[in-house]
Amino acid sequence: MEQQGEEQKKEAKMMKDKQREEIGKILGSESQIDYLCEIYRSTDVEDPPSPSDHRFGQFVSVTKEIDDTRVEFVGIIYDSKIVNPDQGRTVPSLSRPEDQELFHPSYIDERKTLAGIAMLGYIRSSEEGSDERKHCVPPWTLEVDDIVKKLSREEMVSFHEFEEGIKLGYYQNLLKIAGPLGKDLLSNIVSRLKEEKPEESKSLSLIEKNLEFNKMIEGV
Amino acid sequence: MTVGLVSEPGKDTNEFMFLTPDDEKLKTGEFVYYNALVKVESKSGGLKTEEKKIYSRITDREECRGYPDEFMADPEVDPKKIAKKLGLSSEDMERYRITAKIIGFYDDRINDFTNPRIVPKPGTPIELAPDDDLERFLTNVEKDVASANIGDLLHRPPDQVNVKIPVDNFTATHLSILASTGSGKSYTCAVIAEELMKPDSRAALLILDPHGEYHTLKDIETLDEFQGEDGYSPEVQILKPDKVKIRISELSFSDLLSSLDSPTSAQEPILREAWNRLSGEKYVTPEMLFQTCYEIGVTTGNEASAEALEWRIKKAFNRELFDPSQNLALDDLLNPGQCSIIQLDTVSRRDQQMLVNVLFRKIYRERVNHEKGRKSKLDFPVFAILEEGHRFAPSGGDARSLPILRTILSEGRKFGFGIGVISQRPSKIDDDVLSQCKTQMIMQIQNPNDQDAIRRAVERVGEDLLDEVAGLTSGQAVVAGDSVNTPFLCRIRNRITDHGAESLKTSKRWRNSWKQNSTGAKKVVDADDEEGAEDREKFL
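Line order of the protein sequences matches chains H and F.
If you read the first sequence in my numbering, its first letter stands for residue 1, the second for the next number, and so on.
If you read the second sequence in my numbering, its first letter stands for residue 1, the second for the next number, and so on.
Read the hints as simulated data drawn from the structure, not as lab findings.
Careful, some of the hints might be misleading.
With a Cα cut of at most 20 angstroms, we get these calculated DMTMM-like pairs of lysine to aspartate or glutamate [to be verified]: (1) H:K149 with H:E7; (2) H:K183 with F:D69; (3) H:K194 with F:D498; (4) H:K202 with F:E76.
The shape of chain H in the complex, shown without the other chains:
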């Protein structure tokens, strides 16, 4: 009995972890690589993601079956937006906020945190067991309600590891999509990779310094 109880607990924890990995779902897109994700709230899932799970620069993935092959789209949160229907309301509300949830559940749902996701590439599982990693514009499109999961730090590093070393093949695409925040974002990625891969720190530092310099010089 005791053992059964433990297993149930374990399963529940795994379920929770799984839920924690899931941070939201695809809401729409601006382009082939620019997607909008609605971050889960407590009304959507039992254990909603914490703010650090969908922070700026968080690597995310969306897994899909394409032509019987598992393809993991890899992207990054490059921007976020809070949607609040109360913003700009000029008349007072007739009910207290805590009561509104009872009377207007759909209205409350309109309060959202939206995250902009730039797709950086994909990982395609091959039959031989080795994964094909590509930094490019994914040729396939995601669908509304596709589940967005956060990528662990190890998975993030692994996405950048190639035979010839660390690579940021999406550099230009990300700069274009992320606009004014692009350099900050790339600088953030490079500094994380530098920590994980000290043997590559010289060349990564050079990229980081260039980004910092360009960021500074643009405003002058």
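Chain F: place on chain H using the hints.
Same frame as chain H, now just chain F:
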């Protein structure tokens, strides 16, 4: 091999641009070609259209696409590595825009290039000129005619495109080797001398050697490369400064005046008269000259002026160079298959000029006599190499040797007397002399005045190649002029004989000398052998 595609016409009418990914082969001075339809004369006399290879020389090269400066911020990080990191393919990354100048197609009828004035259309493939074509077309060497193998084409791997220049051409229309100290001018000159002494040429060669650095050419006599199948074996004669003599009677009156220490206006007519009276004499001694001057002075009432000539004459002719009877006999000095090296390292500059003046005048006179059908000691052409050419033909100077050199360089071609002028200071050579040397070998020269002098005097070297001159390293030369069909960059071949003009190993000599001196100073001397030991016991 296609190396690029034409992108646009150049600024000049004979230029075009092409793009290439090549990052090392296509340097300034390299030869490329494109195919074009050209109208040429047919055997029947009419015109026909033929596809020809239009050769061109690369004159400029600039990068039009490359790594951004940011990739090169850290000298320890390879920009290719950064490019790879950012997803750029490091292969085929760079693009170069090359400017090429059209030389033309090789016309077999005239054995030279003809410029068809057809600029290639954008998109035309550009090929690297084949080695065989370059070997055939760069110089005009005919079969059975002697040629000098001076080295190989600089932009191609060693020994891939050998460069031979026709001996008949540069020995007739004169040669100049211009290079700063240490860039290999004496070496190149020795290579030319070696080529001239080979069985194919068997030249009558004279080398004026002011630094005594050509003595190693003596090995030519024994080395196999110089022996002919018909029994030919070259002779190399080295004349030490003490054997170099000018017979006083061989001087002209103007030579005499310049040898004497500023004779006065009253002394000049006396000297002229005395020289006229002695003109028939084969041997003239300084005493004979003074005696004749004195007699004329007494007769004309200028006894004092004539007497004052005595010390001038003695001072002028009591030098090793002048001798009443001995001289450099032309038949000993010059013969086909013989190289005579006159060492002048201990002879004063003024005497060197006087020697060149007298000797070259004699050779020139004999050659003129021969060509005019008169009796002559020299019935064969002569080629003379003049090291430190600026000493003998200085610009704006009054060297005794300058007039005869000007004459030989402008007229010598007709009479079979060629000169090779070697100098490290082209700006200090007389412009006429320099411009008359129709074959030029220009090595590293960094002095801007010297570069300007070359630009002024040398007609057929392109600006692009002259710009390369400062950056050449030892043993590399721009070869241009009448002996070649188009100027090119050449790597001078290794000498067969040893080089005799190495720079002094100064620091080694200093160390050795110090060691000797210090050992001597610290030598232990026995107390009884010490200087003044015998007086030690004496009372003060």
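Right, here's what the structure says about each hint:
1. H:K149 with H:E7: violated (25 angstroms)
2. H:K183 with F:D69: holds (18 angstroms)
3. H:K194 with F:D498: It is violated: about 59 angstroms lies between the C-alpha atoms, which goes past 20 angstroms.
4. H:K202 with F:E76: Between K202 of chain H and E76 of chain F the Cα gap is close to 8 angstroms, so the pair holds against 20 angstroms.
Hints 1 and 3, counting from the list given before, are not met by this structure.
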